[in-house]
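Trainee: The chain contents come next:
Protein chains: 2
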Amino acid sequence: MSPILKVVVGGSRKGGAVKRGSLVMVAVLALVVGAVVGVVGARLGGETATGGGLADLAEARGLDGQQAEAALKTFVPPGEYDEYYMFASGGHSGQVLVIGVPSMRLLKEIPVFTPDSWQGYGYGTDQGNTVLAGGSDQDKDATELTWGDAHHPALSETEGDYDGRWLYINDRANGRIGMVDLADFKTKEIVDIPNISTSHGGVFVTPNTEYAHISSMTPMPFTENGYADLSEYNEKYRGVSSWMAIDQATGRFDLENSFQIELPPYTQDLADAGKLTSFGWGFINSYNTERAVGGDAEGGEPIETGAIAADYDFLHIINWQKAAEVVAAGDYVERNGMKMITLQTAIDEGLLYLAPEPRNPHGVDVNPTGDYIVVSGKLDPNVTVFDFEKIQTAIQNQDFQGTDDYGVPILNFDSVVAGQVEVGVGPLHTQFDGDGNAYTSMFVDSAIAKWTLGTKAGVSEADAFKLVETIPVHYNIGHLVTAEGDTVAPDGKYMVALNKWSIDRFPSVGTLHPQNFQLIDLDSSPLQILYDSPIGVGEPHYVQMIKTDKLTSRLDVYPVGTDPATMTTSEFATAPGEERVERNGSVVDVYMTALRSHFTPDILRVKEGDTVNLHITNVETAADATHGFAVPQHNIEASIDPGEVVNISFKAVKSGSFAFYCSEFCSALHLEMQGWLLVEPK
Amino acid sequence: MSPILKVVVGGSRKGGAVKRGSLVMVAVLALVVGAVVGVVGARLGGETATGGGLADLAEARGLDGQQAEAALKTFVPPGEYDEYYMFASGGHSGQVLVIGVPSMRLLKEIPVFTPDSWQGYGYGTDQGNTVLAGGSDQDKDATELTWGDAHHPALSETEGDYDGRWLYINDRANGRIGMVDLADFKTKEIVDIPNISTSHGGVFVTPNTEYAHISSMTPMPFTENGYADLSEYNEKYRGVSSWMAIDQATGRFDLENSFQIELPPYTQDLADAGKLTSFGWGFINSYNTERAVGGDAEGGEPIETGAIAADYDFLHIINWQKAAEVVAAGDYVERNGMKMITLQTAIDEGLLYLAPEPRNPHGVDVNPTGDYIVVSGKLDPNVTVFDFEKIQTAIQNQDFQGTDDYGVPILNFDSVVAGQVEVGVGPLHTQFDGDGNAYTSMFVDSAIAKWTLGTKAGVSEADAFKLVETIPVHYNIGHLVTAEGDTVAPDGKYMVALNKWSIDRFPSVGTLHPQNFQLIDLDSSPLQILYDSPIGVGEPHYVQMIKTDKLTSRLDVYPVGTDPATMTTSEFATAPGEERVERNGSVVDVYMTALRSHFTPDILRVKEGDTVNLHITNVETAADATHGFAVPQHNIEASIDPGEVVNISFKAVKSGSFAFYCSEFCSALHLEMQGWLLVEPK
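These protein sequence lines are chains Z and U, in that order. In this text, residue positions in the first sequence follow my numbering: the first is 125, and each later residue adds one. In this text, residue positions in the second sequence follow my numbering: the first is 125, and each later residue adds one.
Mixed in with the good hints there might be a few duds.
Since copy identity is lost for identical chains, a pair holds within one copy or between any two.
Below 27 Å or equal to it, Euclidean Cα-Cα: the simulated BS3-like pairs (lysine-lysine) are [stated by the list, open to error]: (1) 590 to 775; (2) 731 to 360; (3) 574 to 590; (4) 806 to 360; (5) 360 to 775; (6) 778 to 360; (7) 778 to 463; (8) 360 to 674; (9) 778 to 574; (10) 617 to 446.
Since the hints were made in silico from the structure, they are not lab data.
Construct the entire structure; sequences and hints are all you get.
Mentor: See below:
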């Protein structure tokens with residue numbers, strides 16, 4: 125009667141084609157079941173496709189030739205696997221989305237900055253609660269934060285290529301950074317970055333994940349109480365570039381070896397890391413170098429007007445390797461627990477340079493060889509390509525066109541630009557393929573421009589820096605992504621447009637429309653849209669696309685007794701037969717196990733006012749044998765994966781008889797997997 | 125430079141096929157843009173499919189014939205619409221999922237019981253906060269509930285068919301019910317049902333949405349403090365069947381005209397409404413009529429063992445029309461604000477009867493003609509079909525086999541059963557097509573059985589009550605759904621298996637696996653699986669599938685100044701030019717507008733300790749022109765749809781300069797849509 129057994133029996137009748145990645149899972153099943161005959165290699169049909177039948181079927185469904193081809197290009201048969209994962213930020217949902225390509229199926233939402241009751245994240249269990257609490261400003265006056273605006277995911281890298289170990293993501297709303305472990309797809313840490321109020325720039329990781337970078341968006345006052353009137357904006361407000369060191373064993377943030385660099389009070393925007401040729405350097409866009417503060421109801425003009433006055437803003441060029449040496453040499457100040465290199469030191473030590481970039485830039489992207497830095501001014505029809513070698517020469521020759529108001533040297537624009545390409549209206553972000561092509565999204569034009577880089581990217585002199593073609597998207601695209609398109613080795617093949625508006629692309633779901641991810645075939649010429657994919661669970665900003673088989677550290681089942689926070693055996697792990705209740709005064713510790721289809725113990729007797737500490741071990745060893753643990757009227761909901769230990773602490777404030785239960789359908793007698801919490805009145 | 129304009133320009137280059145439903149939107153655009161030339165009727169490709177090319181493409185991607193056909197049967201071309209919406213409960217995510225069929229694309233998650241920062245639901249705005257607070261037990265000692273276990277969605281009906289007005293859903297964890305308005309896809313009300321602790325049975329609506337039914341799952345003590353020891357289970361614990369009257373104008377709950385019926389302390393499970401022949405009656409399954417309470421660590425046996433001892437449990441047969449008359453006649457008691465018919469009155473008035481049903485039933489489903497009530501015992505290989513006419517005859521003839529321990533008459537099993545069909549191991553739920561066929565999910569077998577009903581469903585005597593075929597699914601199916609399969613007029617065509625386990629069906633996303641919705645072609649013989657769809661945002665339990673064009677009340681844009689709570693003009697609506705700040709002592713009221721790309725006012729000066737009431741009107745009139753409003757470090761996040769008014773109240777507890785911003789990408793200068801909240805220190 126074991127569901128697992130039945131699973132395999134069911135599988136043997138029809139099953140699903142088993143891919144490389146799932147042999148591990150099959151092995152796990154084998155341990156449980158003893159036999160997996162029939163699961164491996166079984167196929168849905170078998171007979172090959174007959175052209176006539178397919179054409180008739182396409183006709184019957186009203187699909188034209190291109191649509192029928194798109195169907196065949198994007199379909200992933202039942203039981204088979206997508207070739208790529210996309211990791212998408214959820215925007216103000218605060219989460220991360222995992223999507224398969226080319227099917228565009230949403231595989232999972234990973235909670236990061238926002239509680240998620242399905243996964244028991246932030247609903248009474250230690251894991252989620254601890255991570256979320258750790259991510260809130262520890263100041264006693266601070267509001268506890270239960271959401272974030274997740275913007276830019278960054279997969280960990282080794283030698284500039286994705287290595288599938290960890291994922292980092294920033295909270296644009298509150299200036300925080302989170303870390304997701306790709307072994308179990310769980311968020312393990314959130315850090316509230318000191319001296320930053322909001323963050324847009326980054327997250328990016330350096331080529332060997334030495335650092336995860338996060339910079340401030342709107343500058344904040346460096347004052348005791350965090351307040352300064354806007355009349356003191358130029359003097360007291362400052363931006364910050366943060367280099368968060370990463371522990372190479374755990375992927376966590378190493379605050380001791382992290383540092384910040386003070387920046388002028390511009391609005392620092394997106395950022396990217398140098399690679400190969402430009403290894404050791406980082407680049408940050410900025411806008412509102414005019415330092416407009418608004419005041420549209422006070423006789424002033426809105427920021428949108430004041431911030432677009434100047435023809436140029438500034439690309440920040442940072443030597444992070446040298447900055448780390450400066451910090452090591454002790455040339456920093458301590459500010460709210462972070463080592464900070466002052467703006468003056470950054471200037472004196474040659475850690476920070478500026479380059480003019482056309483109007484209100486948004487994206488900055490380094491090409492695969494590391495030679496070119498591409499920026500797009502939202503109000504300029506061109507993409508501007510900087511040449512890293514020219515930047516270095518200009519720095520050596522002190523080829524400056526002056527300094528900004530804060531004394532930061534400004535490189536001579538003409539000396540550092542490799543080329544400009546007119547792409548269209550409202551260019552934002554750029555991604556790359558392996559053949560020297562760049563792809564730039566254009567919000568206002570609702571289109572993507574394909575254009576060529578220069579000779580250092582393998583393009584001939586004659587073909588360099590030319591517009592190849594433009595493809596309309598639907599509608600108002602923000603970011604875009606190509607397969608592994610921001611690594612040293614892009615795959616080409618697929619591109620996804622992250623459209624902010626969908627308008628009429630999907631049947632109405634009310635006044636808030638979903639976004640629209642559009643899958644584009646990079647091997648087609650002209651470029652063809654294959655699929656429209658609604659995003660109705662958040663507003664993704666940036667996405668990275670990684671080959672499925674690169675996530676080699678994935679776990680499908682924890683060793684029994686695992687604490688996901690440490691990935692080691694929990695001190696509270698409880699084996700069958702060792703379940704017990706320990707009472708010390710008004711504190712009750714319960715060591716419980718969960719096994720299809722009962723909890724042991726299944727009756728908990730406490731008194732009103734008692735503090736109850738539940739330690740629950742899911743002693744299952746089969747993949748997918750998750751149990752939930754929910755307590756009515758107590759706002760407690762845990763998801764306990766096979767092998768996992770969760771700890772739940774609560775005060776029994778209200779008398780009553782409460783039927784706790786397994787909230788994850790686990791077995792034929794799942795509904796009977798229930799028990800009683802009896803809170804006796806005082 | 126208006127994105128809307130560009131949208132249409134972009135659309136005119138490639139555009140998307142515009143369906144009936146979106147002409148409204150196009151019209152809205154027309155008002156904004158003045159011209160929509162090119163949007164209507166534009167197509168992606170144009171040339172028809174060539175069979176050879178498709179077969180080659182299928183071959184190249186390794187698709188066999190059946191897989192290639194499945195691709196063409198499920199593909200919905202870019203810009204075209206799905207034929208059906210599925211409304212799925214999110215399980216312990218607490219939400220509702222809207223999924224398109226046949227593409228299986230997730231169109232939107234509607235927050236119901238759990239906060240959602242993307243939609244600004246429960247993050248400082250009145251709408252979400254008010255709804256969520258209203259759904260918590262008002263007792264001051266009660267914990268505020270910020271999640272639910274959404275189980276059974278029920279679309280509103282007229283004459284037994286979906287009418288597309290409202291959706292109701294229960295919270296299994298806390299005994300609550302929520303209402304979603306399908307005009308704007310927003311949750312408008314949550315009610316914490318008195319005298320119920322947990323709820324599984326229902327939700328179902330009566331054929332004209334007179335009532336939404338919700339019953340208790342685990343019984344609770346009818347005592348002052350809600351507590352009673354388990355030794356008093358038989359005497360003091362009771363179940364409840366609740367009939368929540370629906371206001372036909374608003375779809376909201378009318379507590380004054382709602383009532384409850386006291387039930388024995390069994391674990392009441394799923395429920396369904398009679399229709400046509402059986403109009404006026406309701407049916408509720410039950411299990412654990414043994415009244416096992418567990419005690420596996422106290423020398424007792426787990427509930428899963430005690431609750432499966434008896435060969436039969438009881439189908440509850442309730443005459444709700446007569447019950448309403450009894451209440452109208454005043455024959456009820458008041459209990460915690462609800463009118464309750466006591467168990468004795470229910471017996472005396474002939475409102476409640478029991479019928480034996482084989483072991484530990486889960487699903488109860490009434491067929492389209494209303495003649496048959498199908499139940500499935502989880503531990504019985506048969507589905508059991510009751511005949512409503514026979515039930516009525518048995519009641520008239522007092523053809524009872526006795527009474528239960530509480531005096532409720534038990535109908536003679538043989539007198540009321542129309543037939544039994546052996547389907548397989550672990551049958552759970554049944555859905556129907558329009559041809560007299562029934563489809564029953566089997567958890568343990570991981571399969572669905574197709575079988576025939578009786579002559580009253582139009583089946584010949586010879587073919588009645590026979591197993592037709594069985595199709596394996598992957599894996600461990602719970603509920604299933606057929607197109608409009610629980611109405612008086614099912615469509616057939618599509619069936620979806622809601623599989624609880626996916627094991628190896630998708631590339632690993634860590635230790636918590638997604639569920640697997642499998643789309644099945646009901647027109648195929650034998651039945652064929654078309655598509656595997658991962659569900660990684662919750663654990664759906666039940667789903668209803670409705671034709672897209674039945675949602676006629678959908679709004680894409682609110683009239684400017686709308687309060688979604690009332691769907692009328694808000695008293696706080698602010699027109700451009702009327703923006704203002706009103707200060708009364710330490711209370712500051714801000715009347716603000718949001719318009720691409722600025723807020724007015726964009727500077728808010730308050731003092732530490734002030735109470736701030738923001739009233740923000742999105743004055744946009746274009747579909748999809750949503751603005752967000754986020755305040756760093758304040759846990760405030762609003763999503764303001766075009767025309768919508770939101771109200772946000774908070775205390776400025778911490779001094780500082782906070783850059784509030786639009787969190788929904790709205791325009792080319794979205795990043796510049798920002799302002800300052802200045803909280804001056806005391």
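Trainee: The structure should be examined with respect to each hint, and the outcome stated for every one.
Mentor: Each hint, compared with the structure:
1. Taking the closest pair of Cα atoms, residue 590 and residue 775 never come within 27 Å of each other, the shortest separation being 67 Å inside a single copy and 55 Å across copies.
2. Taking the closest pair of Cα atoms, residue 731 and residue 360 come within 27 Å of each other only across two copies (20 Å); inside a single copy the shortest separation is 55 Å, beyond that limit.
3. Within a single copy, residue 574 and residue 590 get their C-alpha atoms as close as 9 Å, which meets the 27 Å cut-off; across copies the closest is 61 Å, which misses it.
4. Proximity of residue 806 and residue 360 under a CA criterion of 27 Å is satisfied inter-copy only: 19 Å between copies versus 57 Å inside one chain copy.
5. Taking the closest pair of Cα atoms, residue 360 and residue 775 come within 27 Å of each other only across two copies (26 Å); inside a single copy the shortest separation is 46 Å, beyond that limit.
6. In this assembly of identical chains, residue 778 and residue 360 lie within 27 Å of each other by CA distance solely across copies; the values are 19 Å between and 51 Å within a copy.
7. For the homomeric pair residue 778 and residue 463, the shortest alpha-carbon distance between copies (25 Å) is at most 27 Å, but the shortest distance inside one copy (48 Å) is not.
8. Taking identical chains as interchangeable, the C-alpha atoms of residue 360 and residue 674 are never at most 27 Å apart, the minima being 46 Å within one chain and 59 Å between chains.
9. When the C-alpha separation of residue 778 and residue 574 is checked against a cutoff of 27 Å, the pair qualifies neither within a copy, at 64 Å, nor between copies, at 48 Å.
10. Within a single copy, residue 617 and residue 446 get their C-alpha atoms no closer than 37 Å, and across copies no closer than 66 Å, so neither meets the 27 Å cut-off.
Violated hints for the displayed structure, listed by number in ascending order: 1, 8, 9, 10.
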